[in-house]
Amino acid sequence: MAFANDVRFAVNRSATLERLREILPPHLLLVEEEELRPYECDGLTAYRALPMFVVLPETESQVAEILRACYALGTPVVPRGAATGLSGGAMPHEDGVVMSLAKFKKILRIDPVSRTAIVQPGVRNLAVSEAAAPHGLYYAPDPSSQIACTIGGNVAENSGGVHCLKYGLTVHNVLKVRGFTIEGEAVEFGADALDSAGLDLLALINGSEGLLAVITEVTVKLTPKPELAQVVLAYFDDVQKAGNAVADVIAAGIIPGGLEMMDKPATHAVEPYVKAGYDLDAEAVLLCESDGTPIEVAEEIERMKAVLEKSGATSLVVSQSEAERLRFWAGRKAAFPAVGRITPDYLCMDGTIPRKRLAEMLEAIADLGAKYGLRCANVFHAGDGNLHPLIMYDANQPGELERATAFGGEILELSVKLGGTVTGEHGVGVEKIDVMAAQFTPAEIAAFHRLKAAFDGKGLLNPGKGIPTLARCREYTQTRGAAAVTPPPRF
Amino acid sequence: MDAQLKEWIGRIHDAAKAGQQLRIRGGGSKDFYGLPSAGDVLDTTSWRGIVSYEPTELVVVARAGTPLAELEATLREKGQCLPFEPPHFGSGATVGGMVAAGLSGPRRSAVGAVRDYVLGVKMLDGNGELLAFGGQVMKNVAGYDVPRLMAGSLGTLGLMTEISLKVLPLPPAGMTLRFAMSETDALKKLNAWGGQPLPIAASVWHDGALTLRLAGAVAAVRAARQALGGEEVADAGAFWQSIREQTHPYFAGEKVSAAALWRLSVASVAPPICCSGPTLIEWGGALRWLRGDQGAEQVRNLAASAGGHATLFRGEDALKTAAGAFHPLSPVLAKIHRNLKQAFDPAGVFNRGRMYPEF
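Going down the list, the sequences are from chains A and B.
Note that my numbering has the first sequence beginning at -15, numbered continuously upward.
Note that my numbering has the second sequence beginning at 81, numbered continuously upward.
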């Protein structure tokens, strides 16, 4: 499906090409349609656009020169990492250049003493932890796509993962970001220290979806690996009981290393694919992890089991070895590809709600599934209220994508109504750009645009993404009706 | 809309129109911090109260003028806390001031800073527009992260009215250990321990002694105490409080209080920073306090070569005006700062000159 990007540019194609040819050798500049085609979408395959050109710079000076050239010519630039993003944040702009950072894939330094790693943006998330492992350290944020997704993209999206309730999001684990402004000026956000002078621009860069700067180097914090981790699988005969059990665990003063949930359709999709050994009769399973010293873990697992039992778990299974723990998690982490095997297409939602509303949300999703006649498997980062309903559809069946999109839109609107947000970790991109109007007032949207202009006055970096134009907001309001889109008090 | 907010909006409009400035002030406990700022005081202390608090959500929402002491007492009743231990620096400290100052206490290196716990803000910008960013959920990437940007912004971007914060359970167990140790050895030890899964919550090195606080599960604290050695310090609460509130003799002693106090935020692995005056080290080596009369440029160069920056934390107004309170920004960052000020407060109403003289 084409995404109607309403931010358009009158670009001088031949002048742009001429300048890029001066800067880059031919193999780093893609011009022909068959070379451009692989770049037409990211992990959100439902939306595609063909870029004018793709550039693959290898050095910071090439990045700077390309940006200076594009800035001078008024040509938009869309930065791109591994393109595993699920919101279309790296989808090309048809008037613009895609800048792939794929060649920036060196781990520049692992320093066990300062517990930091300096990496280029194209380094895969898991590769950082692998490189740090000999020192007993790892990089804590672990998005499920961690074998493929890269650090630059993690910063751009402020990625979470299954352990972020205890260990934080990307923003909590990044010390410094080096990059370039759209004007091609080198800039550093953050420092080797725990804070830096002036406004906390590092916080802004995390989750800025490539709209504020191009990232070329990231310094991340490394965390000592806990001596031991064990996970409890808690099965429930009712998804709402499982939802309530999540609040019960937190209420008991426990902050689990990870607290995840899958419903029956999700475990049924995963089990044949991963063979994690899940009980397929249960309506829901919670994965509740404890980490620390062996005695600490033993104590906490007992406390967790007591709470989960009281919350109505029908059975509890504790991992007995590291291999078993990893297998239990493998099922959860493979949920998206597993669902991808049983349906031609799916949309992954990413709303976050206050934990106490989980049960209510689950009921609503079941009703919406019936309303739209589509199947939905639910995987949740339950500990932080972040939901990933996977809406299954077949793009070849007329009308199914539209129904799936409407289904997803209602889930997101409900997330906002329940006091949450339309996106917890996948970003707005193009996918949620319209529903942003359900969460923010026109004045807030306008403030976001002014903030962007503070970094990118011409609006050339990843245009039309992340923040809707005010015209788009008006259109959404008119289509959806004021009741659906009047932002309720979020707190 | 509440009458108080309406009144503030009116004052913001009037000030913007007349080209005048407003100086946002809570309890005034951090008046000393940053540069002296011009303008009529806009007092936030009447806008107080906890709006919502649900321990099972780990989230509390409070109006900006809420006394910090009141917020912390409410959390403590439910066995929870602000883990970053923000300094009050006076009985009047407010929640809004805590976020605006962005200062964190002894546990910062273990648990994160104020900014890491800010989930949402409601604010009035320089146009008098009431805006809400973020919310009360842990994960939220809709729109730019304005709430965290507000932490440490010293009121230069707007008037925060309501703040939503993540909270955590109080650690079940704690213990304080002390070691006789040189500065060099302490820095080495702290960085080595930092690479191990030890429940180290806070550290202070001063005058040949390293004081270490452990916090966490009972079993973890007990095991760490075995592994680390050192002397157990009884009733260490007062000591940590004196570090957090800077009532420790290093900060408040009569002899030293006249000299300037520099805050150097540096890489934890940076070697001892040579200065004429006495030093106190926190945050596993990442925060170095320096007392003395050395030149601002010299201190800032030392901080920069140690991977960080230097703040003239306490000192005479004349010295601050001459040297600047905060580390100078690179030209590109300075430009972004000016643009952001323009974006949020185009008429330059709020806290002019408090952070940098040019805005």
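Everything labelled a hint here was simulated from the structure, so no lab data went into it.
A virtual CB, placed ideally from N, CA and C, is assigned to each residue, including glycine.
A few of these clues could be false.
Claimed, not checked - Simulated coverage check for chain A against chain B, where a stretch passes if three residues somewhere in it have a Cβ under 8 Å from a Cβ of chain B:
{"#": "1", "region": "51 to 64"}
{"#": "2", "region": "83 to 91"}
{"#": "3", "region": "149 to 159"}
{"#": "4", "region": "424 to 432"}
Original post:
Taking 8 Å as the C-beta cutoff, is the stated coverage of the region 83 to 91 of chain A by chain B satisfied by three or more residues?
Top reply: violated (count 0)
Original post:
Quick check: the region 51 to 64 of chain A, covered by chain B? Criterion 3+ residues, Cβ under 8 Å.
Top reply: Check failed, 0 qualifying residues.
Subject >> Coverage of the region 424 to 432 of chain A by chain B (three or more Cβ within 8 Å) >> reply: As far as the region 424 to 432 of chain A goes, the hint holds, because 6 residues have Cβ atoms under 8 Å from chain B.
Original post:
Against chain B, does the region 149 to 159 of chain A show at least 3 residues with beta-carbon separation below 8 Å?
Top reply: holds (count 5)
Checked against the numbered hints listed earlier, the structure breaks hints 1 and 2; every other hint is satisfied.
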